[in-house]
Amino acid sequence: ACPKSLRRLFETLILLKAILCFFILIYIHFSFGRNPVSCLEEYKDSWPREGILRVEIMRGPPESYSLAQSYDKERKLQLKHRQNDELSALFRFLEHYFYGAQQGQSTEARSKSNDLEILNEENSSNSTNSSNLQNATENSEEVLSQSESETEYPSLEEEIAELEHANNDFVWPEDEYIFEYSSEHGFLRLPPATREKLNITVKLVVLDPQKNTCFGDSFSQLILQNFLGYDDVLISSIKSLAEHEDNKGFLRNVVSSAHYHFVSRWTSSSSYLLAFLVMMAFTMSISTLSRYSQHQIFVFIMELLQRLEFNTAVTFQAAPLLTEILAFVGMEAIMSEFFENSSTAFYIILIVWVADQYDAICCRTAITKKYWLRFFYLYHLSFYAYHYRFNGQYSGLALVTMWLFTQHSMIYFFHHYELPVILQQVQFQNFIPR
Numbered sequence: 143a144c145p146k147s148l149r150r151l152f153e154t155l156i157l158l159k160a161i162l163c164f165f166i167l168i169y170i171h172f173s174f175g176r177n178p179v180s181c182l183e184e185y186k187d188s189w190p191r192e193g194i195l196r197v198e199i200m201r202g203p204p205e206s207y208s209l210a211q212s213y214d215k216e217r218k219l220q221l222k223h224r225q226n227d228e229l230s231a232l233f234r235f236l237e238h239y240f241y242g243a244q245q246g247q248s249t250e251a252r253s254k255s256n257d258l259e260i261l262n263e264e265n266s267s268n269s270t271n272s273s274n275l276q277n278a279t280e281n282s283e284e285v286l287s288q289s290e291s292e293t294e295y296p297s298l299e300e301e302i303a304e305l306e307h308a309n310n311d312f313v314w315p316e317d318e319y320i321f322e323y324s325s326e327h328g329f330l331r332l333p334p335a336t337r338e339k340l341n342i343t344v345k346l347v348v349l350d351p352q353k354n355t356c357f358g359d360s361f362s363q364l365i366l367q368n369f370l371g372y373d374d375v376l377i378s379s380i381k382s383l384a385e386h387e388d389n390k391g392f393l394r395n396v397v398s399s400a401h402y403h404f405v406s407r408w409t410s411s412s413s414y415l416l417a418f419l420v421m422m423a424f425t426m427s428i429s430t431l432s433r434y435s436q437h438q439i440f441v442f443i444m445e446l447l448q449r450l451e452f453n454t455a456v457t458f459q460a461a462p463l464l465t466e467i468l469a470f471v472g473m474e475a476i477m478s479e480f481f482e483n484s485s486t487a488f489y490i491i492l493i494v495w496v497a498d499q500y501d502a503i504c505c506r507t508a509i510t511k512k513y514w515l516r517f518f519y520l521y522h523l524s525f526y527a528y529h530y531r532f533n534g535q536y537s538g539l540a541l542v543t544m545w546l547f548t549q550h551s552m553i554y555f556f557h558h559y560e561l562p563v564i565l566q567q568v569q570f571q572n573f574i575p576r
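When the sequence shown is numbered by my numbering, its final residue is 576 and no position is left out of the sequence of numbers.
For the record, the hints were derived by calculation from the structure and aren't laboratory data.
The C-beta atom is built at its ideal place from N, Cα and C for all residues, glycine as well.
Check each hint, because a few of them may be wrong.
Below, a list of computed lysine-lysine pairs in the BS3-like style, where the Cα atoms sit at most 27 Å apart [stated by the list, open to error]:
(1) K390 x K512
(2) K339 x K511
(3) K511 x K146
(4) K222 x K390
(5) K222 x K146
(6) K390 x K146
(7) K186 x K512
Pairwise CB distance ranges, derived in the manner of DEER restraints [claimed, not checked]:
(8) L446 x C356: 35 to 45 Å
(9) F442 x Q367: 22 to 32 Å
(10) L155 x Q438: 35 to 45 Å
(11) F165 x Q569: 56 to 66 Å
(12) K353 x I439: 36 to 46 Å
(13) C144 x F440: 51 to 61 Å
(14) Q367 x T465: 26 to 36 Å
(15) Y519 x E338: 47 to 57 Å
(16) F440 x V563: 24 to 34 Å
(17) L209 x L148: 49 to 59 Å
(18) Q438 x Q367: 25 to 35 Å
(19) S427 x D187: 38 to 48 Å
(20) R449 x F165: 52 to 62 Å
(21) R516 x P204: 49 to 59 Å
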C-alpha cells in the first residue's frame, strides 16, 4: 500500500491548488468582475453600428499595422490551429472513408475558397445589395469549379510559408486574441473579400496590455498573460458596449471560430434558486443517461461473450446505443445554451460522469455515502450560481476551482474512510486459513 505520509502529501497538494485557484478567482473577480471593463469606452460612440468592430490584443503593435495584416494573421492562426487539430483530422479521415477520396478532396477544396459560398447560403435573403450578392455568388462558383478541377493542393505548411513570404517586413506577433462584434450575425460569417465587396465597414481596434490601464496592475497582467488569458477581458469589454444597444448583437472568436450571442439576463440575488434548479435538472439527467449507457454496454459485452462461447453469429443491437449517443448530444446542446459555451457543457458532463462512477464504485462506507454527495453538490452549486449570477465571467477558472475541490473531496474520503476498510478486509482474508 502507499505510505500514509505520501497520501497526506498528495491530498495537501490538491487542496493547495484548489485554494490557490480560489484566491486567484476572488482577486480577478474583484479586479475586473465587479466593475465593467473599460477597454473600449472611448469607442462607445464611434464604433460602426452597421458594420463590424474588430478587437485585437497585441503587445507593442507597429504604427503601420493595418486591417489587411490583421486578416493575414487571422488566416495564419486558423491554418495553425487546423494543422494541430486532431479532431478535424479524424473527421477528414471519416469523410474520406465514407465518401471517397474524390469527394473528400472536393470538400477540402471548398474550404480553401475563402468560404465565399456562405454569402449565398445564409445572407442572400438579408442583404439589400442583391446585385453584389449575385456577383459574389458567381465568383464563388467560379472559384469552386477551378478548385475542384485541381488534383493537388498545397499543404498547410506551404500556405503558412506563403503568408509569411507575402509579409517579409512584418514580424508576426505571438498574441492570439482576436474578436469581432456586430449587430448582424451574418456579417461575422462573411470572408474579408466579401465584406469589402459589400462595403461593410470594419473598424480595427488594437489593444496593448502594456499601455492600456484597463488590464490592471502588473500582477493582474501577469495572471492574465500566463494563467487566464485575455478572452474574458475582451468579452467583458465588448459586452459593456452591447449593453447600450437595443440589439445586443453577436460576438465571434476569430481564432477558435466560436460564436456568442449577447442577451439580457436576469441576475438578481434570487437567481441562485434558478441556478439550483438548473443544476439539479442537468446533473440528474446526465447521471441517468450515464447509468443507462453503462447498462447497454454491459448487456452488449455479455451477449458478445455468450455468442463467442457458443460460436454463434454476432449481432449488434445498434438502436439503444445510437439513442444514447443522440441523447448525450442533445443534452450537450441544451447545456451549451445555458453556459453559452460548448466546452463548458462538455466538461460539466465529464465531471458528473466521473462523480457518478466514484459514487457507484468507491462509496461503500456509510460516512462516504452520507457526506460525499453533499460536498459534491455544494461545489457544483457554487459553480452554477457563480456562472449564472455573473453572466459566465471567468467561468473557466471557476470550473477548474470547482473540479479541484471536488477532486480533493474524492481523494480525502477515499483515503480516510474507504481505504482503511479495504486494507482491513485484505488483512482479514490473509489471516483466514486455507
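In rising order, the numbers of the hints this structure does not comply with: 1, 2, 4, 5, 6, 7, 8, 9, 11, 12, 13, 14, 18
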